[in-house]
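Protein chains: 2
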Amino acid sequence: MLGRLNHVAIAVPDLDQGIRTYRDVLGAKVSAKQAEPNHGVTVVFVELPNTKIELLEPLGEASPIKGFLEKNPSGGIHHVCYEVEDIIQARDRLKAQGARILGDGEPKIGAHGKPVLFLHPKDFTGTLLELEQA
Amino acid sequence: MLGRLNHVAIAVPDLDQGIRTYRDVLGAKVSAKQAEPNHGVTVVFVELPNTKIELLEPLGEASPIKGFLEKNPSGGIHHVCYEVEDIIQARDRLKAQGARILGDGEPKIGAHGKPVLFLHPKDFTGTLLELEQA
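Sequence order for the protein chains is A and B. If you read the first sequence in numbering that gives the first Met the number 0, its first letter stands for residue 0, the second for the next number, and so on. If you read the second sequence in numbering that gives the first Met the number 0, its first letter stands for residue 0, the second for the next number, and so on.
Treat the hints as calculated values from the structure; they're not laboratory data. Remember, it's a predicted structure, so these values are computed and weren't measured experimentally. Glycine included, C-beta positions come from ideal geometry on N, C-alpha and C. Please note that a few of the clues may not be correct.
Stated by the list, open to error - Here are the computed lysine-lysine pairs in the DSS-like style, where the Cα-Cα straight-line distance is at most 30 Å: (1) K65/B to K32/A; (2) K51/A to K70/B; (3) K107/B to K113/A; (4) K107/A to K28/B; (5) K28/B to K70/A; (6) K121/B to K121/A; (7) K28/A to K94/A; (8) K32/B to K28/A; (9) K65/A to K121/B; (10) K121/B to K70/B; (11) K32/A to K32/B; (12) K94/A to K32/A; (13) K51/B to K121/B; (14) K121/A to K28/B; (15) K113/A to K65/A; (16) K32/B to K65/B; (17) K70/A to K107/A; (18) K94/B to K121/B; (19) K65/B to K65/A.
Said to hold, decoys possible - Just a sample of chain A residues kept apart from chain B, beta carbon distances all over 10 Å, derived: (20) T20; (21) A34; (22) V45; (23) L58; (24) I108; (25) G109.
Build the full structure now, drawing on both the sequences and the hints.
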């Protein structure tokens with residue numbers, strides 16, 4: 000069922016500092032900043048040859064990464080996103096095995112314009128997982 | 000400087016449970032268990048089309064992931080490993096920019112038989128980074 004690793008998302012308290020770290024210190028290619036008000040984040044993509052890293056900074060008062068950054072003030076790895084071919088089929092397979100889907104269990108359109116779901120960390124080795132229909 | 004994302008390492012309290020989650024629930028290909036006494040972990044590789052996930056369980060009393068699991072009893076993402084062409088050149092470039100290398104700053108032979116270094120999370124957006132010479 001699991002396809003490619005689409006991205007690793009790292010929450011950062013200061014996106015400009017994160018950009019400097021990845022672009023200037025680590026010498027990676029970093030995209031322009033992109034505000035995603037519907038998702039409560041501003042994001043840049045660190046482009047690697049085989050996948051990407053997303054650096055996320057909170058945007059707005061209801062940002063979903065606000066609590067995470069309160070617990071991890073220097074930043075940290077927030078989630079991992081795997082691609083699946085068919086997100087409804089994937090969700091139904093996971094639910095049938097007792098895994099919990101976050102929210103109302105219906106796919107939302109994610110930051111890449113594709114349907115996504117988030118899975119409960121307690122059911123997945125303590126890790127917040129995102130599934131994205133490729 | 001940064002090359003491919005070599006792997007994402009997830010520390011788990013119970014490797015058999017982690018294997019079931021990735022193999023049976025998520026439907027991924029998972030390798031046989033491999034004990035790495037020199038690194039204080041038992042590991043399996045979750046093989047994705049473009050990279051891999053490593054599930055790490057502590058092995059022995061001095062396991063380097065023991066403290067992490069005390070703080071994160073359900074498990075969690077422990078580090079991200081990027082490939083570099085020349086690890087000495089990479090290290091020297093990072094040091095020249097003030098970044099801290101963990102340990103004595105000399106590459107060790109990692110779990111894949113290649114030279115690796117770990118970088119200080121505080122200098123890298125709160126994230127433990129491993130560099131591996133590809």
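Here is what the structure says about each hint:
Between K65/B and K32/A, the direct Cα distance comes to roughly 37 Å. Violation of the 30 Å bound is thereby established for this hinted pair. Taking the CA atoms of K51/A and K70/B, the gap is about 28 Å. The hint holds against a cut of 30 Å. At roughly 41 Å between alpha-carbon atoms, K107/B and K113/A are farther apart than 30 Å, so this suggested pair is violated. Proposed proximity of K107/A and K28/B is supported: the alpha carbons are some 27 Å apart, at most 30 Å.
Distance restraint check for K28/B and K70/A: the Cα-Cα separation of roughly 33 Å exceeds the 30 Å cut-off, and the hinted pair is therefore not satisfied. Distance hint between K121/B and K121/A is fulfilled; the C-alpha atoms sit about 27 Å from each other, no more than 30 Å. Straight-line distance between C-alpha atoms of K28/A and K94/A comes to about 38 Å, which puts the hinted pair past the 30 Å bound. At roughly 35 Å between alpha-carbon atoms, K32/B and K28/A are farther apart than 30 Å, so this suggested pair is violated.
Of the supplied pair hints, the one linking K65/A and K121/B holds, its CA atoms being roughly 19 Å apart against a limit of 30 Å. Between K121/B and K70/B, the direct Cα distance comes to roughly 17 Å. Compliance with the 30 Å bound is thereby established for this hinted pair. Restraint check: the Cα-Cα separation between K32/A and K32/B comes to about 41 Å, which exceeds 30 Å; the hinted pair is violated. Using a Cα cut-off of 30 Å, the hinted pair K94/A and K32/A is violated, with the two alpha carbons roughly 36 Å apart.
Among the hinted pairs, K51/B with K121/B is consistent with the structure: their alpha-carbon atoms are about 25 Å apart, no more than 30 Å. This hinted pair checks out: K121/A and K28/B have alpha carbons roughly 21 Å apart, not beyond 30 Å. This hinted pair checks out: K113/A and K65/A have alpha carbons roughly 24 Å apart, not beyond 30 Å. Only pairs whose Cα atoms come within 30 Å are accepted, and K32/B paired with K65/B is accepted, the gap being roughly 19 Å.
Of the pairs offered as hints, the one joining K70/A and K107/A holds, with about 26 Å between alpha carbons and a cut-off of 30 Å not exceeded. For the proposed pair K94/B and K121/B, the alpha carbon gap of about 14 Å is at most 30 Å, so the pair holds. For the given pair, K65/B sits about 27 Å from K65/A by alpha-carbon distance, which is consistent with the 30 Å threshold. T20/A, annotated as away from the interface, has a beta carbon of chain B within 10 Å; the closest lies near 6 Å.
For A34/A, the shortest C-beta to C-beta distance to chain B comes to about 19 Å, beyond the 10 Å cut-off, and the non-interface label holds. Residue placement check: V45/A does not keep its beta carbon more than 10 Å from all beta carbons of chain B (closest about 8 Å). For L58/A, the condition that its CB be more than 10 Å from all CB atoms of chain B holds, with the nearest at approximately 17 Å. With a least beta-carbon separation of about 23 Å from chain B, I108/A lies farther than 10 Å from that chain, consistent with its non-interface assignment.
Its beta-carbon lying about 19 Å from the closest one in chain B, G109/A satisfies the requirement of being farther than 10 Å from that chain.
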